[in-house]
Amino acid sequence: MKNKKVQRISWVGLIVILALYPKIFGIYYTNFFVTFAIFAIYSVSFNLLLGYTALFSFGHAMFFGAGGYGTALALKHIQGLPLLPAVLIGLVSAVVLALILCPIVVRVTGSAFAMLHLAFGQLMYVLALKMRNITGGEDGIGGFPIPPFSIPGIVSIDMKAPENFYYFAIIVLGLSLWIMWFFTKTPFGQIQVGVRDNAMRIDYLGFKVPQTKAVVYVFAGAFAGISGSIFALFQNLIAADSGFGILVSFGAVINTLVGGLGSFFGPVCGAAIMQILEELTTRYTDRVELVAGLILILVIMFAPMGFVGGVRILKQKWLASSAPGGKLEKAS
Amino acid sequence: MNILETKGLYHDFKGLEVLFDVNLQVQEGERHAVIGPNGAGKTTLFNVITGTYRPRRGKVFFKGKEITGAKPHELARLGMGRSFQLTSTFNRLTTFQNIRLAILSKKKIRFNLLRKVDKMMDITKETDEVLKRINLEGERNFPAGVLSYGKHRSLEISMALATDPDLVMLDEPTAGMSRDETHYGVELIRRLTEGKTAVIIEHDMDVVFSLADRITVLHYGQILAEGAPSDIRQNQAVKDAYLGELEA
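Heads up: the protein sequence lines correspond to chains Z and A, in order.
First residue of the first sequence? That's 0 in numbering that gives the first Met the number 0, and the numbers climb one at a time after it.
First residue of the second sequence? That's 0 in numbering that gives the first Met the number 0, and the numbers climb one at a time after it.
Chain Z with its partners taken away, still in its complex shape (with noise of 0.2 Å):
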């Protein structure tokens, strides 16, 4: 019951941090959130794979760039696009990239699933290059029309308000992280951390491995693709570099591993150490890649649980050393 009321009353709070976090921290480190936020839900549905499933991508910016590339070209092409049908054709492009890839890459596991993604992750940035009358090739799309969030009738809101958007773009990926939550909550999940543990088993058990991979990769995409979306409608501008680019790949792969991929929250609290990190470092160099790798190779030497198992244990050690029975311990 306590505990309950202490949930309730966490939550109410961190709705109203979220809420007023524009007034308090002033226009640059609201972007700076929202920058956080789409990599915190990119790296968490990276995880979904890596950490939920132990299918371990190399490419998960694909679906990052298809959801990013979706929902640009859209609002390119189409007049009067409203704000969350873009948004939902980006997550409609990342799934149906997912839909013709799970065929093959539910069929593989380990370093040949990694490398598999690699190649396919590195083809979609070379087609976005290439294709240019289609992508914008190296410059990307940008300088689409942003619509407003409207329903008709009732309100308009414009979104090239950096304050606007904020609000926006934390509600949708709130949601997104809430469902990717409960996804792992349901009975379906529970099936998803069998196939990672022992994929036989649950083949012998009467599940179906190849489909139950099927099922998370497309909604691991999705939510790239969700992500992507956003970050397009963010930037106004979508690039191969900044969508299909190998350090999109890579920045969820760091993030997942320094947050700890044991835990669902981790990669939220790994974009947000990498993301501070870059944030510091650039004020003294250019260099912020070769801080994040060293960053990685420490993380991975000395807390390969990533900064939640790290805390974990701590907390343990805490623990057992104030608890009277860890006390008695000792002193036997």
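The hints are simulated quantities; they were obtained by calculation from the structure and are not laboratory data.
Treat each hint with caution, since some may be false.
Stated by the list, open to error - In silico BS3-like links for lysine-lysine, alpha-carbon gap of 30 Å or less:
1) A:124 <-> A:106
2) A:124 <-> Z:3
3) A:124 <-> A:195
4) Z:207 <-> A:238
5) A:107 <-> A:195
6) A:70 <-> Z:184
7) A:118 <-> A:106
8) Z:4 <-> A:107
Stated by the list, open to error - According to the in silico footprint, chain A covers these stretches of chain Z (three or more CB under 8 Å from chain A):
9) 58 to 66
10) 201 to 210
Claimed, not checked - A short list of chain Z residues far from chain A (calculated; beta carbon distances all over 10 Å):
11) 102
12) 128
13) 304
14) 313
Cβ coordinates follow ideal geometry from the N, Cα and C atoms, glycine included.
Let chain Z serve as the given structure and place chain A on it in line with the hints.
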């Protein structure tokens, strides 16, 4: 009625013949043991029946239906469960979650994305009942990977049985258990397979003779003898090939 039947089953690994015209018949409701020396082809026979391999030749029938070469999940849905010689559980999931996966399979809940599994009280209740029956309530929230060997084996066997199959195939259920654990394991299997059909591969002759209603002796990929435990004990060919070594 024969719930399981193989007709003229052959299997080889790159020319090495492992099964040679095996005609196995398992009647409904019996505990049927498959015994034989190392390398006799017992596990291969299991793997061919349960869908790990497709037999080179011959047919497998389950409940009167041909299932030759069917996939493991198809067989599981038809009502055939299986446990493994090398413990094969979900080691990062808790004991409770391991059994719950079997219960979900039994209830045919596969692609449910609309409810939280923790809120499905009927599933939780049934899982807890199974845990109680197999004496693992104390380890309910431990990851399966940290269980002691004997308990881990119990979990392995129980997962195969928790789906409530019509036929359960137990591959050396007491493999590697200590004497006490084996004793407990046998009792557990006896209790859990009560009124069910079970095929058991076993090395431990005490286990075989105390559990089995009927025994098939496999020797170099061929069936050497088949019959009630007392007949097998008396059978001269079996004594020469297998039992003799033990009783001498």
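How the hints compare with the structure:
1. A:124 <-> A:106: With Cα atoms ~13 Å apart, residue 124 of chain A and residue 106 of chain A stay inside 30 Å; holds.
2. A:124 <-> Z:3: Holds. Residue 124 of chain A to residue 3 of chain Z sits at ~23 Å (cutoff 30 Å).
3. A:124 <-> A:195: It holds: about 23 Å lies between the C-alpha atoms, which stays within 30 Å.
4. Z:207 <-> A:238: Violated, at about 44 Å.
5. A:107 <-> A:195: It holds: about 20 Å lies between the C-alpha atoms, which stays within 30 Å.
6. A:70 <-> Z:184: Between residue 70 of chain A and residue 184 of chain Z the Cα gap is close to 28 Å, so the pair holds against 30 Å.
7. A:118 <-> A:106: holds (15 Å)
8. Z:4 <-> A:107: Violated - the C-alpha atoms of residue 107 of chain A and residue 4 of chain Z are around 36 Å apart, more than 30 Å.
9. 58 to 66: Violated, because only 0 residues of the segment 58 to 66 of chain Z bring their Cβ atoms closer than 8 Å to Cβ atoms of chain A.
10. 201 to 210: holds (count 8)
11. 102: holds (17 Å)
12. 128: holds (37 Å)
13. 304: With a cut-off of 10 Å, residue 304 of chain Z remains clear of chain A, as the shortest Cβ separation is near 12 Å.
14. 313: holds (20 Å)
In summary, the structure is inconsistent with hints 4, 8 and 9 from the numbered list given earlier, while agreeing with the others.
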